[in-house]
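Asker: Here's the letter readout for the chains.
Number of protein chains: 6
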Amino acid sequence: MRPSGRKTDQMRKVSFERNFSKHAEGSCLVKFGDTHVLCTASLEEKTPPWLRNSGKGWVTAEYGMLPRATGDRMKREAASGKQSGRTQEIQRLIGRSLRAIVDLEALGERQISIDCDVIQADGGTRTAAITGAFIALHDCLKWMEARSMIKVEKVLKDHIAAVSCGIFASQPVIDLDYLEDSAAETDANFVMTGSGGIVEIQGTAEGKPFSQEEFLTLLGLARNGIDELVALQKQTIA
Amino acid sequence: MRPSGRKTDQMRKVSFERNFSKHAEGSCLVKFGDTHVLCTASLEEKTPPWLRNSGKGWVTAEYGMLPRATGDRMKREAASGKQSGRTQEIQRLIGRSLRAIVDLEALGERQISIDCDVIQADGGTRTAAITGAFIALHDCLKWMEARSMIKVEKVLKDHIAAVSCGIFASQPVIDLDYLEDSAAETDANFVMTGSGGIVEIQGTAEGKPFSQEEFLTLLGLARNGIDELVALQKQTIA
Amino acid sequence: MRPSGRKTDQMRKVSFERNFSKHAEGSCLVKFGDTHVLCTASLEEKTPPWLRNSGKGWVTAEYGMLPRATGDRMKREAASGKQSGRTQEIQRLIGRSLRAIVDLEALGERQISIDCDVIQADGGTRTAAITGAFIALHDCLKWMEARSMIKVEKVLKDHIAAVSCGIFASQPVIDLDYLEDSAAETDANFVMTGSGGIVEIQGTAEGKPFSQEEFLTLLGLARNGIDELVALQKQTIA
Amino acid sequence: MRPSGRKTDQMRKVSFERNFSKHAEGSCLVKFGDTHVLCTASLEEKTPPWLRNSGKGWVTAEYGMLPRATGDRMKREAASGKQSGRTQEIQRLIGRSLRAIVDLEALGERQISIDCDVIQADGGTRTAAITGAFIALHDCLKWMEARSMIKVEKVLKDHIAAVSCGIFASQPVIDLDYLEDSAAETDANFVMTGSGGIVEIQGTAEGKPFSQEEFLTLLGLARNGIDELVALQKQTIA
Amino acid sequence: MRPSGRKTDQMRKVSFERNFSKHAEGSCLVKFGDTHVLCTASLEEKTPPWLRNSGKGWVTAEYGMLPRATGDRMKREAASGKQSGRTQEIQRLIGRSLRAIVDLEALGERQISIDCDVIQADGGTRTAAITGAFIALHDCLKWMEARSMIKVEKVLKDHIAAVSCGIFASQPVIDLDYLEDSAAETDANFVMTGSGGIVEIQGTAEGKPFSQEEFLTLLGLARNGIDELVALQKQTIA
Amino acid sequence: MRPSGRKTDQMRKVSFERNFSKHAEGSCLVKFGDTHVLCTASLEEKTPPWLRNSGKGWVTAEYGMLPRATGDRMKREAASGKQSGRTQEIQRLIGRSLRAIVDLEALGERQISIDCDVIQADGGTRTAAITGAFIALHDCLKWMEARSMIKVEKVLKDHIAAVSCGIFASQPVIDLDYLEDSAAETDANFVMTGSGGIVEIQGTAEGKPFSQEEFLTLLGLARNGIDELVALQKQTIA
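Residue numbers (the working numbering), protein chains in the order written: chain D, 1 to 238; chain U, 1 to 238; chain P, 1 to 238; chain V, 1 to 238; chain S, 1 to 238; chain A, 1 to 238.
Among these hints, one or two may not hold up.
What the hints assert, rightly or not - Derived, one-sided and incomplete: chain D residues facing chain V with beta-carbon distance under 7 Å:
hint : residue
1    : Ser15
2    : Asn19
3    : Gly85
4    : Gly194
5    : Gly197
6    : Glu200
7    : Gly203
8    : Ala205
To be verified - Simulated coverage check for chain D against chain U, where a stretch passes if three residues somewhere in it have a Cβ under 8 Å from a Cβ of chain U:
hint : region
9    : 74-82
10   : 176-189
I should point out that these hints are in silico values taken from the structure, not numbers from a laboratory. Being a predicted model, the structure only gives us computed values, none of them experimental. Heads up, the beta-carbon is just placed ideally off N, CA and C, and yes, glycines get one too.
Next comes chain D alone, as it looks inside the complex:
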């Protein structure tokens, strides 16, 4: 029995609030239950140094948590003077995931910076961030298309979404909330495209090692969840 009463293959209620931010070229407040992440996409007419004169653009991401997004207040990273290893790991993951579905040549020599800021956390912030960042990125590209800078269909090759799965109380379950996450024996994050390709898999045994069979069950759960998320994305941007 899951603490939330959900079925093992049941995700939390997911919603996307587009245009949450007045200033950003694209933005989305994504909610996976009580996990709320604000994703903004900022277009910048510059590229990282190693891409200058390459004809290619770049998509990068940064991740942060408000200090009281969590049950106990966490130290503000700006005040402690550095981003934690966890923060860096997550923002690298978000960036890689988004670049997997973007044609960087079609984007041209520009950078889109995705900021994913967790307003409230209840487990699964990185997977919510990736899923919501897709909407922000899409809307930024639409903004550019409206200004004849690019064609969205040339730049955006597919959908991208992510979900966590894990083994909680010996049961494979999808979309772990904080209570489940803290007690899970195995925790895995999956990032997949709309057409079912796998972009990232990260599986970690928190307690005892897991078997190939268990892992395949998690992968199956994830595949269904991501199908749902992509359907919801499509409906949102339709």
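Starting from the known structure of chain D, arrange chains U, P, V, S and A on it as the hints suggest.
Answerer: Structure of chains U, P, V, S and A alone, referenced to chain D:
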């Protein structure tokens, strides 16, 4: 004529959304027009080192902006490794302002940390932050009172609110938005209590120096605006 | 009764020692009683990036305290790896104050960096710094005029000086020393030009809030004090 | 055809040089072909703060590269003042992997710090580091057993080893060297125990997404490779 | 011919101004010609962690330069966020030199922190700092003796002073000023006690290597100079 | 009697292992007994900013220690976020020493970066580093000569080597190991060229001051030791 069409003594629409955050002991999303600041109050059973065994508590504040809260994306302070001078100046102001209406002995040896995070900026973030932080602080104290830790009426001595005034296009106006703020000749922030006492005054000539008369006009505008804000706070927590 | 025996409207003995430094284009050791600040003005043939090709120059300031300028030794900021919020707040104030009386176009694309280093502290270091920095800046401009780079009268629009006032033992007094500053109920810093314009006002209630009347009394004291300081500046550079 | 001429399921020559360091309680220079990593295990009679008085110990890891371990010289992290996101990600992975096979209660309130320093890099430094760190950890525990501090068989629950697999030139291959790694379409790292349990899986599509079938092929390659590595570990410590 | 017209064995005019600082337990403004260093000694009732409960005290030093102490303005170390290698090297040298003449057991479990801040630089700042720091340290110990904390004669075992010598225009000369220092072929710093013992020698070939004979000539010059400095110290504290 | 049983003028066994690193243009693992330092020379087609368009090149050095190179594990400098004063002092010494024997004009506008990383420490790491760095530098220059970039004989003016000497148990001894180093009364490092010129002398009294005679004895020991080291270098690169 103000860019927003407001009258010189007309504030933007102000609203408080209490309990915005699931985890914090007190929280409030305050909006001054398009300026949106999330204020959370976190109770911590510790005090700064210099207050140990003094019987007194502490109220402190931190301030941050999401990178794309502004028209152009700003560098994330956590990534650049330090808080700007502006950030530190503002968070010191918020902390001082709140301590002015708190009886630190009645609070007891505990710390309340107020986090003010700007979700969207359109001028006046520091004054919105102070005004909204009052609600978060109040609700945190209520939470404590419900657990018999303190009496709110003993700890909270008064209301506190803040507003900016300035001279824009040679006219004294209240509650400057970003367009006005960038072009103002003089910019002043006022922090006052519900009973009309002045807690902080910060006036800066951005262009030519200002006169005592001009300053008194701004002060008069501020007094009226703060009366309105306090009335709204009272209605909110009633 | 003030600890120093001064009258409520009596400033400490103020002196300026010009050309204190052999290397700087302008320099001044300013003393407000036992508060001693070395101000140097350094001409640099560069501007901040945002002014390149604008035809305008810049005046900026940095502030520091020797570790044992104070009663107890303070940690060296260079060793702790960052400037405190207080330091940044003060150096931003000094820079803004000086820019208020400089015609940045007449200066041309150059930067003058003012360093204000507190050799000995006894309250009022920021106001002494601003008042002394004026002399250093003036002498730097004279140095430039002697090399036909600018006309002082075109660049320097007015005098600038500053003084603190506060309510100590229920009495409004001017130019607080450390003993008064630590016990003051209200503390305010005023920066004004030679022609009486106000450039900066910073008033803070340290204990109970202050009233408009009290504030106006402090402003009146400041006005007289700054008149004295400007007279002394004029005599110094005559 | 692999650049090294290896077969798709053929690992590089792997060797362990025990007791490489005179001072460490356990140490091992591990070589996966031209990738050389020095692993040392340091026993410290302290634990992280959150474990004090818990009766449990801790195993942690740090990772570094000598600046010229790579084809082009990389900036020294100590000189640039921080560890990169990649470094932090890897050292967190190594620590988690080792803790998966250690009984922290049987270890007692002590910390073992594993340092993995890459002397020469040719792809697969993190997997070599995990595999070599096992030997260093084992030898440190043996050192402790010789001093009657613990029983190795109580503390060390299993073997742990790691290998990378990837899709290179459309072929699934094991143990990628640098040339393969830079050109791989998919790159995955697997960490498994001696008894075949999975501890970590990290799969990343560098170019186009990968399918479940491809991933299972990589997992099969990894399983065989890790069996070989564990056999070699057993032979080494026999 | 030396740029200053001095003879090869002639030092600059040296002076000590005691009690320069109102707050410090001991202080001295030392001048070696145009090199001016403010040395303060601060007594702190604590010791570094590694001396706790050892019965021993500690003497440590920090060194800094005001940004415009030099011909060109240097970046403020507090603003750039770290002390340069040169600064650290110098402050370690000053600390070692002073500890060489202090009986740390007779001092008791206390720390004396010596701050050497260069107000104006014209070569030889580190040797001036050591020589002046002796006076500040002495006066701090006198302050302690007046409070019956220690006996100066038990704590202070000898005098300590320092001078630079170098080969300039093929001539061995003493006490190099900036012009000489920048052009010297060899540069050496000597720290010696009042009784002629050598505490530190640092010799560096800036251009071509130097011979043993040249080095001995420099050592001879230094010995005479340090005799003069110690005589002047004695006269100062008499 | 020395702890190692060596005679007072007997160095530890010294060896050079060339081409230790696959990637570096020149590399050498130097051993002075149990002190092992990996020196790599990296050619970079750039110069420091102050040498641009000067026709001159540069040789610089960085120094580091693996955390468990020492008897107790030391904090990793990359993790603590800065290089210690000791590290910076040593790497500045290595750089100066190497530049003393290089004709920077003959090198041309390029930089050679020498990394000296201590794999295992037993006293004398800086002198071993300098002595081994010569081999790495030489081999890097040979690599360049093979590509017709320079002539080694034009760039490399002499050999350079270094050794420590000290007074241990009242006896002047050469090449102190860690046990001697920790207990030495005087510790001196000497850097000399193959033709006997002195490049650096650093002598420090750890306990009581030393006399000129003692210092000359140490210098004599060093001269013989460096002759041996240079002979060994010649044999190595023959």
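Asker: Compare the structure with each hint and give your call.
Answerer: Against the structure, the hints come out as follows:
1. Ser15: violated (26 Å)
2. Asn19: violated (29 Å)
3. Gly85: holds (3 Å)
4. Gly194: violated (10 Å)
5. Gly197: holds (2 Å)
6. Glu200: holds (6 Å)
7. Gly203: Hint on Gly203 (chain D): holds, closest Cβ of chain V at ~4 Å, below 7 Å.
8. Ala205: holds (5 Å)
9. 74-82: Result for this restraint: holds, n = 6.
10. 176-189: Three-residue rule not met by the region 176-189 of chain D, so violated; n is 0.
The structure fails hints 1, 2, 4, 10 (numbered hints given earlier, in ascending order).
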